[in-house]
Amino acid sequence: MGTDHTGVLIVAEVSEGRLTSITAELLAVGRTLADDLGGPLGALVMGGGPGEVTSELAALGADCVYTIGDPTLAEYRPEAYTDAVAATIAATRPSVVLLGHTLIGRDLAPRVAFRVDAGLATDCIALAVDGGALRGTKPVYGGKILATVAWEGEGARLATLRPKAAEPASRQPDRQATIVALEMPAGKPERARILSRRRAAAEGPVIDNAPVVVSGGRGLGTKENFDRLQELAALLGGAVGGSRAATDAGWITSAQQVGLTGKVVKPRLYIAVGISGAMQHMAGCQGARTLVAINTDPKAPIFQYAHYGVVGDWAKVLPAFTAKCRELLT
Amino acid sequence: METLLLRGALLVAVFIGAARIARQVKVWRQGRATQVDGSLVTRVARAVLDVASHRRIRRNPVSGLIHACLFFTVAFLGPMMVWEHVLELPVALGGLSQIYRSLLDIAGVLLLTGVVAAAIRRFVVRPPRLYDANRHDVLALTLLALLAVSGFAVAAIPFVPLLAIGGPSPGWEMPGAAAMTLALAAAAGAGLLNADPEALAPLLAGAYWTHAGTTIVLVAWLPFGVLRHVVYSFLNIVLVRGGPRAALAPIDFEAESPLLGTRTLDELTWKQRLDLDACTRCGRCHAVCPATAAGRPLSPKRFIQSLRQAMATRDGDTAIVPDVVSEDILWSCTTCGACAEACPVDIAVVDKIVDARRHLVMSESRVPDTAQTALRSLEERGHPWSGTTHTRTSWAEGLGIPTLAEAPDAEYLLWVGCTGALVDRNVKATKALARVLQHAGVRFAILGADEPCTGDPARRLGSELLFQMMAQQTVGMLEQQGAKRIVTQCAHCYNTLANEYPKFGGTYEVTPHVTLLEELQRAGRLPMGSAGGPSVALHDACYLGRANGVFDPPREVLTGAGLALREMPRNRERSFCCGAGGGNAWQSGLPGGKINVLRAQEALDTGAQIVATECPFCLQMLEEGVVDVGGAGRLRPMDVSEVVAESLGLTTTTD
Amino acid sequence: MHVIACIRQVPDYEAPAGLFTVEGSPPAIVASREVKPVIGLFDQHALEAALRLKDAHGATVTAVTLGPPGAVDVLKRALHMGADAAVLIDEQPYGQLDAAATATVLAAAITKLAPFDMVLCGRQASDWDGGVVGAGVAERLDLPLASLVKALEIQNGDTRVERLIDGGVEDAALPNPCVLTVTNELNTPRLTNVKHILAAAKKKIPTWGPADLTLPVEAVTRAVRIRIVGLAKPIVDRRCEMVAGEGPEDAGTNLALALRASKSL
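Chains as they are written, first to last, in the working numbering: chain V, 3 to 332; chain H, 83 to 737; chain F, 46 to 310.
Looking at chain V on its own, in the form it has when it is part of the complex:
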């Protein structure tokens, strides 16, 4: 472990000018690690100068905020971001670098890790210091097994953190941080050309931070049946999600996919309809405060994770459930 590497650096994610929820979670974990390892907690944000985002980072606990103000970095670009993060690591020499295991983090972290020859553990649900050494806990085998990993080699140690695995850092509005502006490194010209980005206007609420998620699996059978879930979700003020089987069948978009290779959600209420409970799916929803399962098979694994369960045909259970909810809520 190179002795001149100290502190923790997190890579912030910004969407439409605001910090995404993963950033607050990274700062919470980063704070604990920085305190245990000794050293400052830094946050890197790209694309803008000092402003709302930087003061928010400070409020959430960053000791130092590094900004790379190049406006071309406002949206994620793999090669440019890799150059920028690698350069920041070289300049600031953190002992630990954290990114979110988001669609950006999944792309960026491995590139950076190989660029700076650092170990990377992805999708960690916990990070801790054990006897001075960093230990990460991450799900493997589709979530059926938990592995504890250790880093080797000199230099920084990289990890991506699973969204919603940690509580977000609390805000202290008057907390101050040092703002350091870094120069965008004179990078090589990008080889991959980004031609366009197409984001479908989300039809209705998205599952990412919805308080209630109603999720359907293989057992739904058709795309039309997802409309029934939509009805319930709308009533409860939530969003519709689904398993990988539902995405593969074209009943939902990948933005609605909950699971290991989909989204991790932590709603107040998660209602799993016709979902068996395979680990890859549970990885995405088991953090829900209340998990409800409706399935015809009493031995389905999902009942091991659910707080409430009904064994029965969803086509009969759900309409009655929806009707009663409507009655209770109005």
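Hint data in this document are derived by calculation from the structure and do not stem from the laboratory. Treat each hint with caution, since some may be false.
[What the hints assert, rightly or not] Calculated pairs, SDA-like style, for lysine to any residue (alpha carbon to alpha carbon, straight line, at most 20 Å):
| hint | chain 1 | residue 1 | chain 2 | residue 2 |
| --- | --- | --- | --- | --- |
| 1 | F | 99 | F | 47 |
| 2 | F | 195 | F | 233 |
| 3 | V | 190 | F | 218 |
| 4 | V | 326 | F | 290 |
| 5 | F | 308 | V | 325 |
| 6 | H | 353 | H | 384 |
| 7 | F | 99 | F | 221 |
| 8 | H | 676 | H | 712 |
| 9 | V | 268 | V | 128 |
| 10 | F | 121 | F | 47 |
| 11 | V | 301 | H | 517 |
| 12 | V | 190 | F | 221 |
| 13 | F | 240 | F | 100 |
| 14 | V | 268 | F | 307 |
| 15 | V | 326 | F | 306 |
| 16 | H | 585 | H | 555 |
| 17 | F | 99 | F | 196 |
| 18 | V | 268 | F | 212 |
| 19 | V | 268 | F | 280 |
| 20 | F | 81 | H | 464 |
| 21 | F | 278 | F | 68 |
| 22 | H | 353 | H | 406 |
| 23 | V | 301 | H | 476 |
| 24 | F | 240 | H | 445 |
| 25 | V | 225 | F | 229 |
[To be verified] Some, not all, of what chain F presents toward chain H, calculated at C-beta under 10 Å:
| hint | residue |
| --- | --- |
| 26 | 59 |
| 27 | 60 |
| 28 | 61 |
| 29 | 62 |
| 30 | 63 |
| 31 | 78 |
| 32 | 80 |
| 33 | 81 |
| 34 | 83 |
| 35 | 125 |
| 36 | 233 |
| 37 | 236 |
| 38 | 239 |
| 39 | 240 |
| 40 | 292 |
All figures in this text were calculated on a predicted structure; none of them were measured in a lab. Glycine included, C-beta positions come from ideal geometry on N, C-alpha and C.
Chain V is already provided as a structure; the job is to place chains H and F on it using the hints.
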């Protein structure tokens, strides 16, 4: 002189007919070679008996009667006329001579009646299976009618002048001649006919030559038109393929360049091509096919006729799919075999469908999406139920059942089957069966984690190489484990293990679970139930019943358990498929309706409280079907083993 | 055109959790006999993408796997699906490999297979779920990379991709040769084909060791950055309250009442 002309013309007609038949034989032989086993003499004898008894044609009573009228009369009249008028041999019957003459006449009347009835049936009543009645049918019927009428005329005309002067007329023991005589006399009386003997002479000659001429035309035309079935269908019955009905023929993959199914018409075997010409267009297959009933693209009659048409008019290297039939037609088939059961002339349909599937799957890797997932799952993890949360052993937890390795002296190996172990609904039935067998004190073992798939879904979908690889592995494993007596609870597992594995070196004593349960009841190892149990309708599984003749055991078991048995309208050999066979359990989104809904409705209409199944696929299909027709709560689909378990009080609430 | 598909043999990712245990010291994952070795889920999509390039552009496809001798089975499957050639890189000389070391070895093997136009990997392995190796291969070979690819085609010699981003897709163009990691939305993997199966019987699958890669074992072991120091089955300590009723509709009603009572609704 006349006789010479007659003989000459008939000889020419026979020659023309024979030449046409010979040409058609050459067309069949453009196909691939194949073996026909067994003694020719036995085959011919069997065929003659079959035709003489009209055993299968009689199953449709009305059509059977009509055909009997047409067939037996011509079969009698033809040779007798040739004997008397062409060969001019005596008919020395002495005192019976009059009876003989009378019989000839009655035969003619029956022939004419048959023709008229056939015409009404085909062109007025129009049953759906005769959807393609056309002018060729009209021609055949007309020629036969002409034959009868001209025959009566020949017999009647000489009596007309006699009648005019008060002489005798043919008695009613010759009804045809008598009626014709009266008609002609009436015509003469009405001035439409000159009753003078000299004037009638040319009419008589005309009638005679019409009669002779029609015969000659019929003989020559026979192999050209719809009556060709007289020759080709009979030939097909003689050459029928033996062996277990639902066993498919393997491909020899170790041959030089193995043929991977049939892509073109010429890749059909000569026997398969004969099948096509044997088809009489009767449509009985069409009437019983579950796919046809559900409105799917497949009709066995249309399938065979499309191929026949293509064989007659198109090049041998025409691709069967898509140039003759569409893929959807192929995938609609559940391989239930009802078509072959109904066919009076032994035409096989399933073999051609599977051969065409084999080409699509093995050469072009084309299979409907959901079936593709099942096949990939079979290839990779040895079972078709991708996504199951069950394991091969999870159903057996807590039941204390040993593996065969642990209990090599067990009475039976219980072959659970992929579906029985891995699909929610079916696990319940498996547990029920295990409990019942334990209750009866049967010492049985399972293969547990080592149990593979028999490969049946792969074979039915056309993935023959995959099937053979699985079969060889399974046979090897069973040999290593020393399995000899196997009990199955799935009709498809049963058929494959009992009838198809012997070709891969695996011979076992395979018993379906319903048969074992019946034996146990008879032996007193399972108590009989007291009468007064609920009413139950049995759904005969295609692969146990029609394909393997297992009909009575499940019925005995159900009544033995104290239930009141009701029969479905379509039962036993005529059972209507649940819709899962032929890989259809894994197909969705095919055009047309759902087969299981039709069967579920039929079960519901019996008024029974339970519909009992003997195959896990039937159980799944009927569960869904009963819900779809609104029968949930009124009709319970249950496996026979579940019925027995419940009657013995063996099921628990956690099942 | 030459396309290389990196695939990996993993224990059946669809096998239920109950078939896996953690045993021994140091702890190791033990899978029941029922768990069959299969090609990783996303690797199948990568292989399928390569085969579609073969169908559309006549590319030759080479499948590569780093694994134990038994991993030759996934290479055979690749040949049975239509791949032209396959190579097994023996992992035994290297000891415990992590993503970085794996990427080092694969990069050396891919270099040996040059010239090539594209390297396709799954987005993550179905056993270790890392999602790192593809990027490592690109970085070691200094090639452009696009990850999470859900659509791809060749246009004017460039590779055009759609990749997953938050809320939608990103269209990008990469020059060839390039490295792509693919996701399951990309395609449906095909069945094996009998013609390929019969042809593959005559093909040899070479096994490459360190000497073949001209890569010393120490270079690989020195590249290891992550070690697994613990394994455990997640303990789910939850008791589900099963809500019943006189039939499914009644159960649904009771469920709503139960949630209301616990203030979850």
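Any hints from earlier that this structure breaks? Give me their numbers in increasing order, please. none
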